[in-house]
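Asks: Residues 0 to 285 in numbering that gives the first Met the number 0 are what the sequence shown lists, from first letter to last.
Hints were generated in silico from the structure; no laboratory data involved. Model, not experiment: these values are computed from the prediction. Hints are supplied without guarantee of correctness; some may be wrong.
Claimed, not checked - The following label-pair restraints were derived from C-beta to C-beta distances: (1) L10 <-> N135: 15 to 25 Å; (2) P216 <-> Y80: 28 to 38 Å; (3) G260 <-> N150: 19 to 29 Å; (4) L179 <-> P216: 19 to 29 Å; (5) R69 <-> Q213: 41 to 51 Å; (6) N98 <-> H30: 38 to 48 Å; (7) T241 <-> L156: 42 to 52 Å; (8) S269 <-> F152: 13 to 23 Å; (9) N98 <-> N36: 14 to 24 Å; (10) D262 <-> Y133: 33 to 43 Å; (11) G67 <-> N150: 29 to 39 Å; (12) G67 <-> T280: 21 to 31 Å; (13) I24 <-> F152: 27 to 37 Å.
As the list claims (entries may be wrong) - Pairs of lysine to aspartate or glutamate residues, derived as EDC-like cross-links and limited to a Cα-Cα distance of at most 20 Å, are as follows: (14) K32 <-> E7; (15) K32 <-> E261; (16) K35 <-> E72; (17) K186 <-> D95; (18) K284 <-> E7; (19) K177 <-> D209; (20) K284 <-> D234; (21) K266 <-> E217; (22) K105 <-> E64; (23) K32 <-> E76; (24) K43 <-> E261; (25) K43 <-> E265; (26) K266 <-> D23; (27) K43 <-> E217; (28) K284 <-> D209; (29) K35 <-> E64; (30) K105 <-> E124; (31) K284 <-> E185; (32) K92 <-> E40; (33) K43 <-> E72; (34) K266 <-> E40; (35) K92 <-> E64; (36) K83 <-> D95; (37) K186 <-> E158; (38) K105 <-> D95; (39) K83 <-> E7; (40) K92 <-> D125.
Even glycine gets a Cβ: it sits at the ideal position worked out from N, Cα and C.
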Amino acid sequence: MTATGLTEQMLLKQSYLCVGLDTDITKLPAHLKGHKNGILEFNKAIIDATLPYCVSYKINTAFYESQGLRGWEIMQETLAYIPKTHFTIADAKRGDIGNTSSQYAKAFFEAMDFDAITVAPYMGEDSIRPFLEYDNKVTIVLGLTSNVGSNDFQQLLLEAYDETLTMVPHITQGAREKRLYEHVLEKVSAWGNSNNLMFVVGATQAAELDNIRQIIPEHFLLVPGVGAQGGSLKDVSRFGLTQSVGLLVNASRAIIFASNGEDFSEKAASVAQGYQQEMATYLQKV
Numbered sequence: 000m001t002a003t004g005l006t007e008q009m010l011l012k013q014s015y016l017c018v019g020l021d022t023d024i025t026k027l028p029a030h031l032k033g034h035k036n037g038i039l040e041f042n043k044a045i046i047d048a049t050l051p052y053c054v055s056y057k058i059n060t061a062f063y064e065s066q067g068l069r070g071w072e073i074m075q076e077t078l079a080y081i082p083k084t085h086f087t088i089a090d091a092k093r094g095d096i097g098n099t100s101s102q103y104a105k106a107f108f109e110a111m112d113f114d115a116i117t118v119a120p121y122m123g124e125d126s127i128r129p130f131l132e133y134d135n136k137v138t139i140v141l142g143l144t145s146n147v148g149s150n151d152f153q154q155l156l157l158e159a160y161d162e163t164l165t166m167v168p169h170i171t172q173g174a175r176e177k178r179l180y181e182h183v184l185e186k187v188s189a190w191g192n193s194n195n196l197m198f199v200v201g202a203t204q205a206a207e208l209d210n211i212r213q214i215i216p217e218h219f220l221l222v223p224g225v226g227a228q229g230g231s232l233k234d235v236s237r238f239g240l241t242q243s244v245g246l247l248v249n250a251s252r253a254i255i256f257a258s259n260g261e262d263f264s265e266k267a268a269s270v271a272q273g274y275q276q277e278m279a280t281y282l283q284k285v
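Work out the full structure, taking the sequences as your base and the hints as a guide.
Replies: This is the structure in structure tokens:
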């Protein structure tokens, strides 16, 4: 599924909610802890409960890789359980030299058949190009993240750029200052198109969304950080929505760990429905 198919599902369901399956084994309800298939049973129950209210599921691979071989098997079994009507994301944050990225792309797009994968752009175009070569798959590039450490690099102010985007030693007439993340968005957006390339922008960075939409007006944004991290769905929607929706808002802990009791799936459904209903009101204004 590409961005076009995702838009169709969003308009049909009046939702741009992505449920993050960041299934921390230490936070499983008591009746599932210690079970060999506890994580899988938990994931299936969450999927069944939230299916009507979301359009996507994001599997954070770290929570499965840390469980060794069985973790990889659970990730594959969870992915297989998600209907094809829903957009699937491997939140793996990969990216390496070309031949290594080719193997990552093969692993997640062929062997596991995810619709999309998150990647880091630090190593440049040749580290991302192998992912973009797949038809009907989406590459989601880290743009401006919600963690405190994003200030270490992403918000750095580059000295100056001239009109050819060549760094110049001093600010001269016609040149403009630019933050590193802005240059990443501009540069990377030219490597693909709005159907096969998305960007991660943290919900806690909502104040930057208006500026980001000036740089990439049509690309989908995957927005984590709503809910447990304190991001505002209202603000993200106000500045990020486009005519083709253009937003995929992820909530993980706020949904899947809404309860640690045997009613965990019912509570998850209730929270997901609340997000969906709020999203429907914002979509009416687009």
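Asks: So, for every hint listed, does it hold in this structure?
Replies: Going through the hints against the structure:
no., hint, in the structure
1, L10 <-> N135: 15 to 25 Å, "holds (20 Å)"
2, P216 <-> Y80: 28 to 38 Å, "holds (36 Å)"
3, G260 <-> N150: 19 to 29 Å, "violated (38 Å)"
4, L179 <-> P216: 19 to 29 Å, "holds (20 Å)"
5, R69 <-> Q213: 41 to 51 Å, "holds (46 Å)"
6, N98 <-> H30: 38 to 48 Å, "holds (46 Å)"
7, T241 <-> L156: 42 to 52 Å, "violated (28 Å)"
8, S269 <-> F152: 13 to 23 Å, "violated (39 Å)"
9, N98 <-> N36: 14 to 24 Å, "violated (36 Å)"
10, D262 <-> Y133: 33 to 43 Å, "holds (40 Å)"
11, G67 <-> N150: 29 to 39 Å, "holds (35 Å)"
12, G67 <-> T280: 21 to 31 Å, "violated (44 Å)"
13, I24 <-> F152: 27 to 37 Å, "holds (31 Å)"
14, K32 <-> E7, "violated (38 Å)"
15, K32 <-> E261, "holds (12 Å)"
16, K35 <-> E72, "holds (12 Å)"
17, K186 <-> D95, "holds (18 Å)"
18, K284 <-> E7, "holds (17 Å)"
19, K177 <-> D209, "holds (15 Å)"
20, K284 <-> D234, "holds (14 Å)"
21, K266 <-> E217, "violated (34 Å)"
22, K105 <-> E64, "holds (17 Å)"
23, K32 <-> E76, "holds (19 Å)"
24, K43 <-> E261, "holds (14 Å)"
25, K43 <-> E265, "holds (13 Å)"
26, K266 <-> D23, "holds (17 Å)"
27, K43 <-> E217, "violated (34 Å)"
28, K284 <-> D209, "holds (17 Å)"
29, K35 <-> E64, "holds (16 Å)"
30, K105 <-> E124, "holds (18 Å)"
31, K284 <-> E185, "violated (28 Å)"
32, K92 <-> E40, "violated (26 Å)"
33, K43 <-> E72, "holds (14 Å)"
34, K266 <-> E40, "holds (16 Å)"
35, K92 <-> E64, "holds (13 Å)"
36, K83 <-> D95, "violated (29 Å)"
37, K186 <-> E158, "holds (17 Å)"
38, K105 <-> D95, "holds (13 Å)"
39, K83 <-> E7, "holds (13 Å)"
40, K92 <-> D125, "holds (15 Å)"
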